[in-house]
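As a plain string of letters, each chain reads:
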Amino acid sequence: MAVSPTTSPTSPPGGSSRRLAGGASSSVREDRQRSFEIVRNLTVREVRTQFKRTALGRLWSFINPLVTLAILSVVFGLFLRVPFQPSRNGDLHVFVLFLAAALIPWNFMSGAITAGMNSLVVNSGLLTKVYFPRFVLPMSVILSMTLTFAIEMGVLLVVVGLAGGFEVLLFVPAIAVFMVLISAFAIGIAMSLSIAMVYFRDTQHIMSLFMQLWFYATPIIYPLTLITDDVQQRVDDRGWTVLGQAIPLELIYGLNPAAAFTGAFRTMIYDYAWPTAGQWVICLAWAVASVLVGLLVFRKFSARVVEEL
Amino acid sequence: MSTPAVVVDDVSKSFRVYRDRNQSLKATILRRGRATYEDFWALRDVSLEIPEGGTFGLLGHNGSGKSTMLKCIARILQPNTGTITTRGRVAAMLELGSGFHPELTGRENIYLNGSILGMSKREIDLKLEAIVDFAGIGAFIDQPVKNYSSGMYVRLGFSIAIHVEPDVLLADEILAVGDMQFQEKCREKFAEFRNDGRTVVVVSHGLGEMRSLCDRAAWLDHGTLVDVGKATDIVDEYTETGHAAQEVTDGGMRWGSGEIQVERVELLDAHGQDQRTFRTGDAMTVRLHYVAPGGVDTPVFGASIHTLEGTHLWSHHTRDAGFVPARLQGSGSVDLVVPALPLQPGVFELNTSVVDEQITHDYDQHRRAARFEVMVGAPRESGGPIVLGSRWENFSPPVALVPAGQDVRTATAE
Ligand SMILES: Nc1ncnc2c1ncn2[C@@H]1O[C@H](COP(=O)(O)OP(=O)(O)OP(=O)(O)O)[C@@H](O)[C@H]1O
Ligand SMILES: [Mg+2]
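These protein sequence lines are chains L and R, in that order. Every letter in the first sequence is one number past the one before it in this note's numbering, and letter 288, counting from 1, is 288. One rule links them: number in this note's numbering = place in the second sequence (from 1) + 1000.
Just so you know, these hints were derived from the structure itself, not from any lab. Values in this document were obtained by computation on a predicted structure and should not be read as measured data. Heads up, a few of these hints could be off.
Here are the simulated lysine-lysine pairs, BS3-like style, with alpha carbons at most 25 angstroms apart [as the list claims (entries may be wrong)]:
id	chain 1	residue 1	chain 2	residue 2
1	L	K52	R	K1121
2	L	K52	R	K1146
3	R	K1189	R	K1230
4	R	K1189	R	K1121
5	R	K1146	R	K1185
For each label pair, taking beta carbons as the anchor points, the in silico distance ranges come out as [said to hold, decoys possible]:
id	chain 1	residue 1	chain 2	residue 2	range
6	L	T49	R	P1051	36 to 44 angstroms
7	R	G1229	L	F210	37 to 45 angstroms
8	R	Y1018	L	G57	41 to 49 angstroms
9	L	V288	R	L1207	39 to 47 angstroms
10	L	V180	R	P1051	46 to 54 angstroms
11	R	T1224	L	R58	39 to 47 angstroms
12	L	S35	R	W1392	26 to 34 angstroms
Chain L is nowhere near these chain R residues, computed Cβ spacing over 10 angstroms in every case [as the list claims (entries may be wrong)]:
id	residue
13	R1075
14	H1312
15	W1314
Glycine included, every Cβ here is placed at the ideal spot set by N, Cα and C.
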């Protein structure tokens, strides 16, 4: 046995003490550094195992969105002829690209929320055997998906560049910021849902329904203007009201965080325009709010989560 | 005893036991969000101190809260009330497995698990070889761990846990899974830990193991602490109540179903005299007088010798010796012959047993059935409980020796 009997270099010299249940931890910094390392390792693990034992491996992460993109383009672009505007500043009027600019971020977000939601239950083996801060699970699962997301966005930017001009690359810094915001939003939601999932396994079924609803309620396969002009007109014409009030579709859509995020991406990648101050603020607010709620839920429930698994 | 490694102060832990597990939304809504559960107290007001640098055992029946205690110390579970203070790094090896990812190879899992247990990548790089070595799983290290046997799983998990070089190592029933060679390695490792001043907390149902392995022990029963103290005392106390043993007149204890009993033990010297005093190197015959009024098929007799501190020195039973009678009825005796006692001077205790052929059922277990003293005889060796009949030889290059019997003290001190 070639093990040195001396204590390891990273263990605290005098031995640190910690107290449970209400006592303040004296090694918060050490904990944080450890969490960071664990997040990194789990993320790498996710990336490595995602496509293990599949013949096409990582290719699947491109086949999936491509097929969805193709189906939706044929059905909505070709058959149903969804009315969509040409790019505002670029030289583009292609439905596939109009769709992809919003669909790729959406796919990432919904996939991340679903995977993050399941992360505690899936990793129950790990949770019941070793102690580590629980939040690293939803976090690392989602971080591992950002890799695929980034590659997809890169490919999209190249294709859009070829079709409509490479000025689109000007927006890359802003696109990166919105990618961070949408990831944070997904992490926050996933943290709350992962706890809910431990207590009620129904959560996953409810969420798969809700995700479908959410998808169609978000202007991804159609432009927002279709709702605010055309549909609003028809609703008003028929005199539909709620509690005697006209139905304010634009306001309702404004409350949908997915609409805000996908809208911002479409503004940059399809319209070649900077997001408005409103878009910046709304997306930032959603990201911050979601993370805060996620942290609060986690703080309240994570202590008992392991035994409820 | 210096500062304790772990202080458990008035810890209680309850689990929610759902009458109708509330994992469906319908049930929740019907009960207006209130699940019907009862608090089940797995630990209740437990306070104990685990001293630094030693092996500490937890014993108790199934469901008495041992694993829960370890999980609380490892921070996996949070107690409802009370505090647990630990000094230094804690690593746990809890029940089966240690959260390996089945699709990853052993090597990848070492990195993953190591980092979760608090090792840096560089640290793992340095120790990788030692970890693989100790686990002894050889070429399987680059196989996905789902192809491992359960023993290999535990070996790898345990190997990682000890190479974290924790100040406190928690081990839940790991010895039960490994093979003999691995158990030996574990014991060695525990000893090494103790010498380094680290602390090991073990849970095991092997009482002999607890006795020989642990310095101190705590006994849990239905979540409450019954007693804590010297491991040998606690194990004795535990077995005594566990088997509802009756004290016998000479201070030993016995239990068993009683179809056959060893009613009397004689220790005979070379002249056939019942003695309680022998010399090192003397012949000794242990004569077990049995009674089996109703008759018993294939009983297996056994005898073992322990030091007063409870260290198990030796045992032998008739099954291993190939000396099992087909059937015994009435009364009689059987002899166990020791040609030359290989014991150092001291006081020893003899336990006797009669069990069934599968060694699963106790007819009669008699702890401390007899006590005998060994006095100085031949050979004479320096220390410990046993003599090996050893010799010192061959100074190379040869040197002059101090003549035997003449001031040996100064010779050995130099
Ligand atoms: N997550 C849980 N939810 C509900 N009850 C639990 C949970 N974990 C443990 N218990 C209960 O707590 C009690 C103590 O369990 P524990 O695992 O600590 O026993 P143990 O002493 O380790 O037993 P064993 O010797 O069988 O390993 C048991 O009655 C068990 O049913
Ligand atoms: Mg247990």
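Each hint, compared with the structure:
For the hint linking K52/L to K1121/R, the alpha-carbon distance of about 23 angstroms falls within 25 angstroms, and the restraint holds. Straight-line distance between C-alpha atoms of K52/L and K1146/R comes to about 13 angstroms, which keeps the hinted pair within the 25 angstroms bound. Taking the CA atoms of K1189/R and K1230/R, the gap is about 21 angstroms. The hint holds against a cut of 25 angstroms. Restraint check for K1189/R and K1121/R: satisfied, since their Cα atoms lie roughly 24 angstroms apart, inside the 25 angstroms limit.
Simply put, K1146/R and K1185/R have alpha-carbon atoms about 24 angstroms apart, close enough for the 25 angstroms limit, and the pair holds. For the hinted restraint 36 to 44 angstroms between T49/L and P1051/R, the CB-CB distance of approximately 43 angstroms keeps it satisfied. Against the hinted window of 37 to 45 angstroms, the Cβ-Cβ separation of G1229/R and F210/L comes to about 58 angstroms, which falls outside the hint. At about 43 angstroms, the beta-carbon gap between Y1018/R and G57/L stays in the expected band of 41 to 49 angstroms.
Under the hint 39 to 47 angstroms, the C-beta atoms of V288/L and L1207/R, about 58 angstroms apart, miss the expected range. In this structure the supplied range 46 to 54 angstroms holds for V180/L paired with P1051/R, their Cβ-Cβ distance being about 50 angstroms. One distance hint, 39 to 47 angstroms for the beta-carbon pair T1224/R and R58/L, is violated here, with the actual separation near 55 angstroms. Range check, S35/L to W1392/R: about 58 angstroms between beta-carbon atoms, so the 26 to 34 angstroms window is missed.
At roughly 4 angstroms from the closest C-beta of chain L, the C-beta of R1075/R falls inside 10 angstroms, breaking its exclusion from the interface. The beta carbon of H1312/R sits about 25 angstroms from the closest Cβ of chain L, which is more than 10 angstroms, so the claim that it is off the interface holds. Distance check for W1314/R against chain L: the nearest CB is about 28 angstroms away, which clears 10 angstroms, and the non-interface claim stands.
Of the hints listed earlier, those the structure fails to meet are numbers 7, 9, 11, 12 and 13, in rising order.
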